[in-house]
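Trainee: Build the complex: two chains, separate frames, hints provided.
Listed here are the chains, written in short residue letters.
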Amino acid sequence: QKEVEQNSGPLSVPEGAIASLNCTYSDRVSQSFFWYRQYSGKSPELIMSIYSNGDKEDGRFTAQLNKASQYVSLLIRDSQPSDSATYLCAVNHYTGNQFYFGTGTSLTVIP
Amino acid sequence: SQTIHQWPATLVQPVGSPLSLECTVEGTSNPNLYWYRQAAGRGLQLLFYSVGIGQISSEVPQNLSASRPQDRQFILSSKKLLLSDSGFYLCAWDYGDSYNEQFFGPGTRLTVL
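Those protein sequence lines, which keep their order, are chains F and V.
Take the first sequence: its position 33, counting from 1, is numbered 125 in our numbering, and each next residue is one higher.
Take the second sequence: its position 80, counting from 1, is numbered 175 in our numbering, and each next residue is one higher.
Chain V on its own, in the form it takes in the complex (with noise of 0.2 Å):
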């Protein structure tokens, strides 16, 4: 069975520093691969996602990079954290077929003070 894993689960960072968030995906190959914002009380945006290996589709312009570095593993970057950037992040993947089914890892609460 496929599991998705993010980390870590919480964080707390000051504005101004950098952001590394990880999510990988076990059980399936070249997944699609999404990064969400949640923001409080507000829906999903899509922030990125990646097709395959290195390629990265942005869908909202910002402060964040993402990159897929292997098949089954996508990071969410930032060299420099504004507070506009708290929020739920999720990592998606699906199977890259037509039915396009999503399915979300447990996210990463971040908090920027």
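Looking at chain F on its own, in the form it has when it is part of the complex (with noise of 0.2 Å):
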């Protein structure tokens, strides 16, 4: 089993739509979770980290995290066609410098 999985898309939303990524993992001790963007050619940049249950703003972004059920998901309002790109979740456990990544969803904001 994989430790972090997602759904690999394309997922395509309209522009001024909501984009929902979700990201399950399986290890339970994880203990930091995180959302990086990736356009393509590029390298991942880190947009949003989470560490305790429920919800977090920043911006147009809003990470939600629910340990009990081993989800984290990211919410895009608004979004916009330079929101185009491959986004991918990781998970790190507190006991190591390990990060899992999952094979990340490619997003397509259409105009």
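It should be emphasised that the hints constitute simulated quantities derived from the structure, not laboratory data.
Heads up, the beta-carbon is just placed ideally off N, CA and C, and yes, glycines get one too.
Among the hints, a few may not be true.
These stretches of chain F come out as covered by chain V in the derived footprint (C-beta under 8 Å, 3 or more residues) [stated by the list, open to error]:
| hint | stretch |
| --- | --- |
| 1 | 105-118 |
| 2 | 191-202 |
One side of the interface only, derived from the structure: several residues of chain V facing chain F at Cβ under 10 Å [stated by the list, open to error]:
| hint | residue |
| --- | --- |
| 3 | 121 |
| 4 | 141 |
| 5 | 180 |
| 6 | 182 |
| 7 | 183 |
| 8 | 187 |
| 9 | 193 |
| 10 | 194 |
| 11 | 195 |
| 12 | 197 |
| 13 | 198 |
| 14 | 199 |
| 15 | 200 |
| 16 | 204 |
Not everything, but these chain F residues come out facing chain V in the computed CB check (under 7 Å) [stated by the list, open to error]:
| hint | residue |
| --- | --- |
| 17 | 122 |
| 18 | 132 |
| 19 | 185 |
Mentor: See the structure below:
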């Protein structure tokens, strides 16, 4: 079983809509959760981190964490064409330096 | 502010040739450093990480090696490249604190022919 699983997509949403990206993880000791955005040919860029259950908002982005159900999600409100990218979910255990990355969800925002 | 550099940006090498990729971090001290590889259409694979000078942990057995000769310098090497070594090599760093936020460099795209 993979540590972190994401729907590879592609996910297409119209401009101005809400994009919802989901991620599940297998290890209950996971403590830190991250969302990265990766444009084609570029390196991943950290956009959100979340450590406790609930929602965390930063501008148009909201990360949601549910440790009991072992999932973390990212909502992008008022989606823009510039949000078109692959979004990587990553989890980390406090006990080690190992980051586990999902394979990413490709998002396309249609003007 | 902190900055991470990687070079070269692009590299084309023949099979069996050596490899040296360099990563440096500016604006912080004693960072944790990481080497990842991202093959085409695949996820990020952690290759090595280092929590201090001379301290290297390997996550995947392969023909690659890593060294950390200085606090903010991390080098990825190979004596003989394989076709399967092609990919996007990413260096990352974090503060070594409990938040564990990792920040990536611009990457090196390696093609082995």
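Trainee: Evaluate each hint against the coordinates.
Mentor: Right, here's what the structure says about each hint:
Residue count for the stretch 105-118 of chain F with a Cβ under 8 Å from a Cβ of chain V: 0. That is fewer than the three needed, and the coverage hint is violated. Counting residues of the stretch 191-202 of chain F whose CB lies closer than 8 Å to any CB of chain V gives 5, so the stated coverage by that chain holds, three being the minimum. The restraint placing residue 121 of chain V at the interface with chain F is violated, with a minimum CB-CB distance near 16 Å, outside the 10 Å limit. With a cut of 10 Å, the hint placing residue 141 of chain V at the interface with chain F holds, because the nearest CB-to-CB distance is about 6 Å.
Taken as an interface hint, residue 180 of chain V does not check out: its beta carbon lies about 18 Å from the nearest beta carbon of chain F, beyond 10 Å. Among the interface hints, the one on residue 182 of chain V is violated; its C-beta lies about 13 Å from the nearest C-beta in chain F, farther than the 10 Å criterion. With its C-beta approaching chain F no nearer than about 8 Å, residue 183 of chain V sits inside the 10 Å limit, and its interface hint holds. The interface hint given for residue 187 of chain V holds, since its Cβ lies 8 Å from the closest Cβ of chain F, which is under the 10 Å cut-off.
Here the hint on residue 193 of chain V is kept, as its CB sits about 7 Å from the closest CB of chain F, short of 10 Å. Hint status for residue 194 of chain V relative to chain F: holds, with the closest Cβ pair at about 7 Å, below 10 Å. Residue-level restraint check for residue 195 of chain V holds (minimum Cβ-Cβ distance to chain F is 5 Å; threshold 10 Å). With a least beta-carbon distance of about 6 Å to chain F, the hint placing residue 197 of chain V at the interface is held under the 10 Å criterion.
With its C-beta approaching chain F no nearer than about 6 Å, residue 198 of chain V sits inside the 10 Å limit, and its interface hint holds. The closest approach between the C-beta of residue 199 of chain V and any C-beta of chain F is roughly 4 Å, which is under the 10 Å cut-off, so the hint is satisfied. With a least beta-carbon distance of about 6 Å to chain F, the hint placing residue 200 of chain V at the interface is held under the 10 Å criterion. The interface hint given for residue 204 of chain V holds, since its Cβ lies 8 Å from the closest Cβ of chain F, which is under the 10 Å cut-off.
Against a cut-off of 7 Å between C-beta atoms, the interface hint on residue 122 of chain F is violated, since the closest Cβ of chain V lies about 11 Å away. Of the supplied interface hints, the one on residue 132 of chain F is violated, with its beta-carbon coming no nearer than about 11 Å to a beta-carbon of chain V, more than 7 Å. The restraint placing residue 185 of chain F at the interface with chain V is violated, with a minimum CB-CB distance near 9 Å, outside the 7 Å limit.
Against the hints set out earlier in the document, violations occur for numbers 1, 3, 5, 6, 17, 18 and 19.
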